[in-house]
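Same order as they appear, the protein sequences are chains B and P. According to our numbering, the first sequence holds residues 1 to 397 in order. According to our numbering, the second sequence holds residues 1001 to 1397 in order.
Please note that the accuracy of each hint is not assured.
Result set (EDC-like, lysine to aspartate or glutamate): computed pairs, CA atoms no more than 16 angstroms apart in a straight line [to be verified]: (1) B:7 with P:1265; (2) B:62 with P:1053; (3) P:1326 with P:1298.
I should point out that these hints are in silico values taken from the structure, not numbers from a laboratory.
2 protein chains.
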Amino acid sequence: MIAQVYKEMLNAKSVIRQFSEFATARGKEIGYENVFDYSLGNPSVPVPQAFTDVMIDMLQNKNPMALHGYSQSLGIPEVREKVAASLNRRFGMNYTSGHIFMTSGAAGAIAHALRCVTVPGDEVLTFAPYFPEYGPYVNLTGAKLKIVPPSLADFQINFEAFTEMLTDKVMAVLINTPNNPSGIVYSAETLTRLAQTLTEKSEEYGHPIYLISDEPYREITFAGVEAPYVSKFYPYTLSCYSFSKSLSLPGERIGYMAVNPACPDAELFVPMCAQISRGTGHNCPASIIQLAVAEVLDETADLTVYETNMNLLYHELTALGFTCVKPGGTFYIFPKALEEDSVAFCQKATKYDLILVPGNSFGCPGYFRMAYCIDTEKVERSLAALRRFVREEYGIQ
Amino acid sequence: MIAQVYKEMLNAKSVIRQFSEFATARGKEIGYENVFDYSLGNPSVPVPQAFTDVMIDMLQNKNPMALHGYSQSLGIPEVREKVAASLNRRFGMNYTSGHIFMTSGAAGAIAHALRCVTVPGDEVLTFAPYFPEYGPYVNLTGAKLKIVPPSLADFQINFEAFTEMLTDKVMAVLINTPNNPSGIVYSAETLTRLAQTLTEKSEEYGHPIYLISDEPYREITFAGVEAPYVSKFYPYTLSCYSFSKSLSLPGERIGYMAVNPACPDAELFVPMCAQISRGTGHNCPASIIQLAVAEVLDETADLTVYETNMNLLYHELTALGFTCVKPGGTFYIFPKALEEDSVAFCQKATKYDLILVPGNSFGCPGYFRMAYCIDTEKVERSLAALRRFVREEYGIQ
Chain B
1 MIAQVYKEML
11 NAKSVIRQFS
21 EFATARGKEI
31 GYENVFDYSL
41 GNPSVPVPQA
51 FTDVMIDMLQ
61 NKNPMALHGY
71 SQSLGIPEVR
81 EKVAASLNRR
91 FGMNYTSGHI
101 FMTSGAAGAI
111 AHALRCVTVP
121 GDEVLTFAPY
131 FPEYGPYVNL
141 TGAKLKIVPP
151 SLADFQINFE
161 AFTEMLTDKV
171 MAVLINTPNN
181 PSGIVYSAET
191 LTRLAQTLTE
201 KSEEYGHPIY
211 LISDEPYREI
221 TFAGVEAPYV
231 SKFYPYTLSC
241 YSFSKSLSLP
251 GERIGYMAVN
261 PACPDAELFV
271 PMCAQISRGT
281 GHNCPASIIQ
291 LAVAEVLDET
301 ADLTVYETNM
311 NLLYHELTAL
321 GFTCVKPGGT
331 FYIFPKALEE
341 DSVAFCQKAT
351 KYDLILVPGN
361 SFGCPGYFRM
371 AYCIDTEKVE
381 RSLAALRRFV
391 REEYGIQ
Chain P
1001 MIAQVYKEML
1011 NAKSVIRQFS
1021 EFATARGKEI
1031 GYENVFDYSL
1041 GNPSVPVPQA
1051 FTDVMIDMLQ
1061 NKNPMALHGY
1071 SQSLGIPEVR
1081 EKVAASLNRR
1091 FGMNYTSGHI
1101 FMTSGAAGAI
1111 AHALRCVTVP
1121 GDEVLTFAPY
1131 FPEYGPYVNL
1141 TGAKLKIVPP
1151 SLADFQINFE
1161 AFTEMLTDKV
1171 MAVLINTPNN
1181 PSGIVYSAET
1191 LTRLAQTLTE
1201 KSEEYGHPIY
1211 LISDEPYREI
1221 TFAGVEAPYV
1231 SKFYPYTLSC
1241 YSFSKSLSLP
1251 GERIGYMAVN
1261 PACPDAELFV
1271 PMCAQISRGT
1281 GHNCPASIIQ
1291 LAVAEVLDET
1301 ADLTVYETNM
1311 NLLYHELTAL
1321 GFTCVKPGGT
1331 FYIFPKALEE
1341 DSVAFCQKAT
1351 KYDLILVPGN
1361 SFGCPGYFRM
1371 AYCIDTEKVE
1381 RSLAALRRFV
1391 REEYGIQ
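With the rest of the complex left out, here is chain B (with noise of 0.2 angstroms):
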């Protein structure tokens, strides 16, 4: 019979889409160029020059059989070493191939690391404000998600809740860093307090805490911040990455799984991810795109704009009086809303083709998300639009 479960979810229609939902249609009213859709996660530069120029040359002198024959479900072996070096010499890490699993993306990745270390009733905590998707993520896979409330004055971690939180039942921690939505980036300090927090746990409760360290936005970072690598804090981490946002081809999910080397049976991960495939029948990604990303392992696509539209935001935002903290990477700001309602807050904001996303989808209710990876030329002339926002529904000058 239908499965409940999966029926049951589609009378759940995402916040985030219904206002994304609303941009398109206005747009079709009143000129897409005209609506100031900040909605959307989805990266607005082109691709690298450099990532084209190897698909296409693979394609005219690659063996076809090679270029699209089967690869391991591990991912391709000569791409996991690559992949290994790059992080070796960009982070100071000692992985080998051995150690990386090619992935869906992060999607993919998270979905093998929660498989590997929790099992159904075991607890999951995350920090809000969150990433909605971590709600099914873990849910599905019999594991329980908690949301550790935020911390408001910065988006580090709340420390007190957390080792509140921190139970026996919790077999791992699922971190986002720079952090969608807020933007911020994990200081050093907040890294090594928490990898201290959950080693001292782990002790107490006789089992490790894993850290999930969902890095997609690792190569967005701005002008005096520095982020830190997660997993030199704290050996018993799984990075999960995706290269949709540093590359800019979300369409094509791409992204790894990477073991500490110095987690206890390091080696065990990846094996163990390919039989989690099979039973959740995840293929590792188009052959002909993890070779091409193997080649432009270091690369990015030109991020810039995103550092602009920040800077912008941030200046406009704080000048009309809004409690914003600045972000440290991303291309999301997440300010306090200019009511307690942000969900009202947003709608109002709708009037005025501002489209702006309530924070309770993300754990944390009166704030709201801005996606600012759009043009800049469309944020600048967005500001006017949030100047007469604030003007005609909260009387702000």
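Since chain B is already given, all that's left is putting chain P on it; use the hints.
Below, chain P without anything else, positioned relative to chain B:
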């Protein structure tokens, strides 16, 4: 803690893989061209040039943001439309894009189909001989795979055993035609009787029994053999397809699930699949691969080599006195071994650099599989080795 279920799976080594690894190792000693490696089902002909041309054209001329941008987790709408149109044109169906869910190959399709119509504890039946990955595919969802014994005379369906095993607990039946490993195509008569049986039992039990039809070899059929389109026979059919074999691009991991439009609630399945994907970390196939495949839907690689190879092997095997059902498609043949212990039989064959795979892996001990997706010239050379093997080991002249 490390999940034991996957850790323990690492101890179980696939017999197919052992024989395949032997072939690779032996190839290093005597040159791989001298190893008659019939162990693995990898396409041996190149992708159609039209696919390569479309890929290069898109990379050169399409806006990279559109080409590599986020796609819906259901698959790209125009691609799903084109897949539906192609199936309608070729098989007289009436699919719309709403019945097509794009997947990472057939494994992804089967993983979604299983989760649509079973819950943990349900039973799923398949028919020996069967593709051994069905074990983990089904059992890791929490449902339980049971194997209906073979109809050895023709490798169609053993209806007596099937009807007996088709209890109230069975929610889905998984078939594979053209079949790996037997090469047999289910006849219209078989499919009619299968549909009748399922309809009767569904009525008796008061719940539908779904048919999950795994069809990666659908396009590889031989002269004089009609391969009926399974879904035409039974409305509760979920067709699982992969382009791996028809287009010779197994590494690119692209396929789909197609829901019979006549199935009650047919329009629910595809959105449900998107929910399933959230939990499994499945992402739809790479966007560029979706877009390229959509342009060559009615093409195939040059598949004639498989029929040439089949005829050579079938002729020789029957001349040597093997019991052997003539394949109607695929690139497999599944003869009876010359002794009861087909593992011993295949081990003896390795002395002659013939790499065969014992039928035990496919739920059919006493038989063996040859995957003849290799160059015809190599098949021809292998015949002398085959003759020497059966003469020296079994005294057959």
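Item to complete: Find the hints from earlier in the document that the structure breaks and name them by number, from lowest to highest.
Response: Checked against the structure, the only hint that fails is number 3, while the rest are satisfied.
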